[in-house]
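Please arrange chain P on chain V, whose structure you already have, making use of the hints.
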Amino acid sequence: MRQETRQEAGKAVYGLLAEFPNADSLCAAAKEARAHGYTHAEAYSPFPVGGLEEVLGTRRSWVAPAALVGGALGGAATYFLQWYAAVIDYPINVGGRPLHSWPSFIPATFELTILGAAVAAVLAMLIQNGLPKLYHPLFEVEEFELASRNRFFLCLPAHDPVFAPGPARELLEGLHPMLLREVPA
Amino acid sequence: MSAPPSSTDTGTGQPRSRDTAELRAGWGYADVSDKIAGIVLNGKFGWKWWSAFLVASAGVTALLVAVSWLLAKGVGIWGVDIPVAWGFAIGNFVWWIGIGHAGTFISAVLLLLRQRWRTSINRFAEAMTLFAASIAGLFPILHLGRPWFFYWIVPYPNVMNVWPQWRSPLVWDFFAIATYLLVSLMFWYVGLIPDLATLRDRAGRRGQRGAQLAYGLLALGWRGEARHWARFEKAYLLLAGLATPLVVSVHTIVSLDFAVGNTPGYHSTVFPPYFVAGALFSGFAMVLTLAIPLRAAFGLQDFITGRHLANAAKVLLATSWMVGYGYLSEIFTAFYSGDKYETYMTINRWVGPYAPVYWSMLTCNIVLPQILWWRRVRHSVPILFLLSLAINCGMWMERFLIVVSSLHRDFLPSSWGMFYPTRWDWITLFGSIAFFVWLFLLFVRLLPLISMAEMRELVRETAKGDK
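Line order of the protein sequences matches chains V and P.
Per the numbering used here, residue 32 is the first one in the first sequence, and the count goes up by one each step.
Per the numbering used here, residue 1168 is the first one in the second sequence, and the count goes up by one each step.
Same shape as in the complex, but just chain V (with noise of 0.2 Å):
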């Protein structure tokens, strides 16, 4: 009944990949995945799901502290530039009014240290999560574009410490899923 699998003919892979139909039960097998020891398991979704990545062992983010750091950077550059300018290479004197004329000096800061947050949070948001990275194993799982549409996938990945092709195999047989597919490195 079984086919031969990669492993067993000596090829790589990538991990198991289970298919299942809606976000319960995506939540349910990853909870079982973190259970048996799991740390690296990936699960994969059309849209977010809310406390998933908990289950699966959360990485620290970065998007807030880069976002907090780049608008501190675009506000304070900002500022400095233009009181650079005015006060010290460019100094105008225009009816005895101060060369440090902070309040006109805000509208600018203010608009840089949006931009600066907004540019470092959409930044570090892409670089922790591997982006652009337009090849992917798991895109050779035909299946695998309905996880984009209305499928839910679990994939139990080689390079977690506990995997094991025979266990691993077993683990997301029994969680029942739609569809089990080995991965190709």
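Heads up, a few of these hints could be off.
Calculated pairs, EDC-like style, for lysine to aspartate or glutamate (alpha carbon to alpha carbon, straight line, at most 20 Å) [what the hints assert, rightly or not]:
1) V:LYS62 / V:ASP191
2) V:LYS62 / V:GLU201
3) P:LYS1401 / V:GLU85
4) P:LYS1507 / P:GLU1497
5) P:LYS1631 / V:ASP55
6) V:LYS62 / V:GLU204
Over 12 Å on every C-beta distance to chain V, these chain P residues come out as not near it, computed from the model [stated by the list, open to error]:
7) LEU1413
8) SER1547
9) SER1581
10) TRP1583
It should be emphasised that the hints constitute simulated quantities derived from the structure, not laboratory data.
Small disclaimer: the values here were computed from a predicted structure and weren't measured.
A virtual CB, placed ideally from N, CA and C, is assigned to each residue, including glycine.
Frame of chain V; chain P shown alone:
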């Protein structure tokens, strides 16, 4: 009419939406994805789209001609002169940037307030914001005597050894609009990434290799992994939080272009809130102007329901009163100040040469929107559409009036004058509208006009039946 859910893969334990005000019954994950992706991928746009596209293209051509002629001859081809040196260009700028406010407001503020009716209208409202703000940015540049030197407003080390004048609202404007454009673009694009991945996969399944490649490149390899989604949501929420004060700041700074000057009618502390309220007012009017034809053209009545239109109508009613408060406050301050120039300017608006514009503006912006007190009106699609057009016109008249009525009566009667738009003024105005329509037509053809990922989330929420 809107198509009923088409999917046949029932019985797989997949949830379906229950009938709610924001999403009609019977839609599953696959249905909403296929319905929205299908609009783009089916490529069936028919003669209506093509005729609209041709008309818009003709308008864009006219705009290009007008701009080329402007670059060749200078701003003298417009009706601007002393004393009215700011004419249509500045009025159009303020009008467009105002329209560009509702998109970010819907996306950001309604997200933070967890308003579910945001879901199906945020994507095209954001596109509207981007296009309107880009067009708005063109006008001050074209209005410069030598538009090709517009980059002198950017602070960069240059051989002229000068810096921008940091105390000038025009420099603030540059930072505000550039930031607004960039942040709106990022907000829009980040929200699009999961949908681009859906389009990539749908196109692949249909064997459309070119589309698969194009959407695949834009999707950056998005796979929808749980940790990716968590960071994505965090970034999206942060962008919403950042965009909210940004929306308020942009039209505030635009209003300071006027309020910082000592011209009667400009020099008013109510300007920032009054401009922001006017921006939301005109922006929501434009959302309705776009949403009503869109849902009819693509059969999206199940997604953009009567509730969406009625909620937008309520926002219109509320902002109409805020704008009305602005008008009243201006009048009160003019008389209370005892300043004869302010008083004269106010009376001149009522009975002077531009009085017809003033009274038409009041009719469109204050009187007509009062019909929205009736529930039946808020749920009548044709009336809402006509009203949204009237408000768009009314808000344009408001911008025109602010710019022109204060300038045409200078402090000295010897410097009084009139502004009469030339044919180039009109061609540039209508050309810019055509350009907006043209960009929007391309957008609905090439990108999903409703967020598929958020619609799937909505399916899950409504299927649970939690309210």
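So, going through the hints one by one against the coordinates:
no.	hint	result
1	V:LYS62 / V:ASP191	16 Å, holds
2	V:LYS62 / V:GLU201	15 Å, holds
3	P:LYS1401 / V:GLU85	14 Å, holds
4	P:LYS1507 / P:GLU1497	14 Å, holds
5	P:LYS1631 / V:ASP55	12 Å, holds
6	V:LYS62 / V:GLU204	15 Å, holds
7	LEU1413	5 Å, violated
8	SER1547	34 Å, holds
9	SER1581	27 Å, holds
10	TRP1583	29 Å, holds
Hint 7 from the earlier list is the only one contradicted by this structure; the remaining hints agree with it.
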